[in-house]
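**Student:** Going down the list, the protein sequences come from chains A, B and C.
The first sequence begins at 1 in our numbering and counts up by one.
The second sequence begins at 366 in our numbering and counts up by one.
The third sequence begins at 874 in our numbering and counts up by one.
Mixed in with the good hints, there may be bad ones.
[What the hints assert, rightly or not] With the Cβ distance kept under 7 Å, some of the chain C side facing chain B (calculated, not the full set):
(1) 915
(2) 1054
(3) 1071
(4) 1089
(5) 1093
(6) 1094
(7) 1146
[Stated by the list, open to error] Across the chosen pairs, the derived CB separations fall in these ranges:
(8) 247/A x 753/B: 53 to 59 Å
(9) 26/A x 801/B: 20 to 26 Å
(10) 1174/C x 207/A: 41 to 47 Å
(11) 593/B x 247/A: 32 to 38 Å
Think of the hints as simulated: they come from the structure by calculation, not from any bench.
Where a beta carbon is used, it is the ideal one built from N, C-alpha and C, also for glycine.
The lines below spell out each chain.
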Amino acid sequence: MTADAGAGIPIPHGAFVIGLWVALGAGLVACAIRRSRVSWALAALALLLLFNLFFTKDFFVIDLKPDADLRHWHYFGTLVDILNHGSKVMLLALGMTLVIATGGVDLSVGAVMALSATLTAQAVVAWGWPFWAGALMALAVALLAGAWNGLLVAGLGVQPIVATLILMVSGRGIAQLVSAGQIITFSDPSYTFLGNGHLFRLPFTLTLVVAMLVLTSLLTRATAVGLFVEAVGDNPTSSRYSGVSPRLVKFLVYSFTGLCAGLAGLIAASNVKSADANHCGLFLELDAILAVVIGGTALSGGRFSLIGSMVGALFIQTLTTTMYARNVSSDVAPVPKALAIIAVCLLQSEVLRQKVARALGRAPR
Amino acid sequence: MPELLEMSGVSRFFPGVRALDGVDFTVRRGEVHALMGGNGAGKSTLINVLTGVIPRDAGVIRLDGRPISPSSPRAAEALGISTVYQEVNLIPHLSVEENICLGRQPARWGAVRWGAIRGRARTAVARLGLELDLARQLSTYSVAIQQMVALARALDIEAKLLVLDEPTSSLDEQEVEELFAVVRRLRDQGLGVVFITHFLEQVYAVSDRITVLRDGHLVGEYAAAELPRMDLVTKMVGRPVVDSQPGPALTPAAESVGVPPLLEAQGLGRRGAVQPMDLSVRSGEVVGLAGLLGSGRSELARLLFGVDRADSGQVRVDGRPARVRSPRHAMTLRIAFTPEDRKVAGIVPDLSVRENIVLAMQASRGPWRKLSRRRQMEVAERYIGALGIKTPSPEAAVRTLSGGNQQKVLLARWLATEPRLIILDEPTRGIDVGAKQEIQKLVSSLREKGMAILFISGELDEVVRTSQRVVVLRDRRKVGELTGAEVNEGRVMAAIAGHPVQEATHDR
Amino acid sequence: MKRLRVDAKHIPLLATAGVMVLMYVSGCIAFHDKNFSSLRVIVDLFGGNAFLGVAAVGATFVILSGGIDLSVGSVIAFTTIAVAAMVSKGLHPLPAMGLALLAGTAFGAGMGVLVAAFRIPPFLVTLTGMFFARGMGFVVHGLSIAIEHPFYQAVMRHGAIVVTRHAKTGAPAVQIPSWTICFLLVALAGAWAARYTRFGRNVYAIGSSEHSARLMGVPVTWTKVGVYALAGFCSALAGCVATLYMQSGNAASFVGSELDVIASVVIGGTLLTGGVGYVGGTVMGVLILSLITTLITNANISSWLTSVAVGILLLVFIVLQRVLARGQSAAA
């Protein structure tokens, strides 16, 4: 773009970056062979990264630098930032994937984030609790919040949008009750480590995300829970006739989502060292839903892909970071985001495929 | 003067199946004409062609002498053919009068004229001979009245031909009488009415003529007054009353003689589904449940499996009372059930063949004790082989399989749970002849191993061939139970038709 | 028995009205000393959320059809900044508003096409629309722009209906401002359209049973596109109304307003599944929202309790709707 065109292509260094390209390539090939739904998301992400390779200076540069006190060394770079900042949406997307797979949706995760962040901050700052106690309590409350949603949806049969709307509307108010309307700042070392610390020279949030991803994968694939979730989302009647309890399954996935939101809230607060009931997690539920949809899980339920949702979340975060790197104002960034998402939705739309097939003279499948 | 409706030589083919083959169907003005036939006879296809839901491959349709080719239900309506479906397709939250006029509301300067709507609705309802509160929300009325409103809408459209598709399935006797009174009134006003139903009594109560279809062919057109019930049933089912080919002697497995029943139901019933009835099944025995479609067979099966809750009666398993609360509960009692409508309650379409097969087995083990991948493959491959399921791989999505193979997957799912009692609802529907025989052989071998089987089917020869005892249902109640030597098609058909059989000497 | 049956459909509406009256009366009793029961307060109740009310009328139609619109707040914000920007560039406010209304309608229609023709869930489409409109607002201008134009000043000075005057000076004491008049007019037009146009009746039919409506000849696709176009129009109109009392435009404003709109509609007795509801109910829902804010302010309670109160009310109404739905299906 500028005279840096030649020098603009950075030399990717570090095993990390090479590994990234290899993984991306392998993933694409594997998905193409298995005709997996994740391929769209991976392709989109790859395209975006490719774009940045050529047009964004230093996008792939990763430096190993010491931090302020010159004692610890960690990796710095745009890619690292993407993983770090995207951690909240990735966590949310884990739970949201399962909820959407059962044919529902959870709009309250942003509010639950705010609630959990505020509760922990309040416990640590005002009540003098140790961090682990405060965090545990907040996570328990987040789990209960998810269970509340599950009760409304599975127990009372309320439409998921409606049921989770209640907590979405009132959750932040409850958080403000806890914080007495204040933004609580904290400096507790454990709390701040969560979002800002490093482990193995990479951001700690990455470790958390990987841990949750592994946990969720085990929960769904090492047990029959994943099978039940997919069956319930695909055909609840057939599942019921086969001895699966759609109500129990739904109750569990909403509870789990609450837990994920609780953890994400802790990270969000830790990032800015303060708990703001009004802004913590604002609009992140929307990003989470979009990540899941891009990742290949249909809004109507059925087959889901946790990895797909991770890729979807990374896509959204990369899009945001790309715009930031190109000096697009963060206020305007939602526009290309919206266009990209509509493009993906259209591509996934059955109707479009039929129209194209008809136009090309082939019978629709 | 040409007849109101003349369909001549109408044919419709689907891949591999002749749904309709050169069928003629005529309806006169001012007559109620019943269209009858069993499963796969072609009734639905004929009506779908007439009402524009699907196109025809051959033949001519003439309305009032003019050839027509309706391309959609709306087009058919515009021509004057109006259909009232079994599930009343009206708008539940709108008022009666609005439902009658929806889509064609009178308006002046863009503003809907409610007074004119009231007037038109009143006229239509009066023609039915009814009095209704026109401003009342439709869903607050019973299904019977809602169907009347659908009829009124048809009148508002100024329909010439009314098609009533299973209108009485959800009505009680009183409501059926009221409906028939209205239908007779409309007939007297000159409309032609096509009446599709499975209820034999009702056919004779209200129809002037009857057309019978079988396997896509026209069997014949008769005046109702000149066609005895037995003849009608014979023509529908396609076998003479005399059982000319006695099957092999069927004796119950030795252990099951004199043994108390595995499952015993007394007075089991549910309002709107089946009248209270008794039923028992022993280990090593096949009990057939016979009756025409709509006689309550599937409803009974759902009660036994815990999908629906019974209003009356009690069930005993192994002599101990059991209230089957849910399918899961039924599974703990080692009961299995393959439902008749596999699309709705059977297959999980996007999941693989393997996953569909192991689903119930896994559900009974709970989520934590997952069957290993190897074990799943083992089970899947075993049943794919045993039942001859044609699939490119066990990982193929079940929705890509043909109907028959999907049915086999369902069967495999339940056999894998190793039940003691299995309820098979139309297990051979939509399967080719060779596979049918395989399944019947399978049922026999299961019986010999001691399984108790409830075999539900509309194909009498199949029921008779496989069962030691046959329970006959008609119009949602049990009308007979045949054992041993009584089990032959003649007796079953007689029970369905409601006539005692005369030719006792012809029994096996 | 007949009376009971008719009322069953209206129970949510009656409940809404009951809650509204109850809240107003308790306010009068509790804040008797602050002149709660004065005319001014009643007029303020309508005026405080006038923009919300205008948008909620459009949202009512969308929700009646069984859909949902999450883009409301963003479209309002976009409209305010667009109008402000055009006026600051010299365009007269009226054509500026006209253009904004056109843009809003076209935007809504676009979303409608995606929903109706491409069968993408309304939730997803309007969510994306929300992002799009919000960002486009900032594309127009990043900071707020004040509106200074003789037209606006004229409206502020004279564009109100005077209800009472001061006895001595003759100056207006209580007056109904222009934005409230707009709200009332839109509400009346909406209520009329819902009852007396084929479009309105088709919306009810589609929301109640889309499958049956299609079989009965209702033009489902066109009606759905129309419904979202109408919602876009109302959101844009709400934006124009907002400029009147904000006297400025700001792309960052009205974040989360769609939630208030949806809450008003639900509290107003409209079922989120569609087919049941009244514009009048939505108006009452908006008034209830205003009442909550007013009561809380008067009681000197922290303002963030508002969202909790709204949440509780939502819960009560949703459970009520659910219980009624169960009751009806059991009776049928």
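**Student:** Could you run down the list of hints and mark each one as holding or not?
**Tutor:** Now for the hints, and whether the structure bears them out:
| no. | hint | in the structure |
| --- | --- | --- |
| 1 | 915 | violated, 31 Å |
| 2 | 1054 | violated, 23 Å |
| 3 | 1071 | holds, 6 Å |
| 4 | 1089 | holds, 5 Å |
| 5 | 1093 | violated, 11 Å |
| 6 | 1094 | violated, 14 Å |
| 7 | 1146 | violated, 10 Å |
| 8 | 247/A x 753/B: 53 to 59 Å | violated, 37 Å |
| 9 | 26/A x 801/B: 20 to 26 Å | violated, 48 Å |
| 10 | 1174/C x 207/A: 41 to 47 Å | holds, 43 Å |
| 11 | 593/B x 247/A: 32 to 38 Å | violated, 52 Å |
Violated hints, listed in ascending order, are 1, 2, 5, 6, 7, 8, 9, 11; each of the other numbered hints is respected by the structure.
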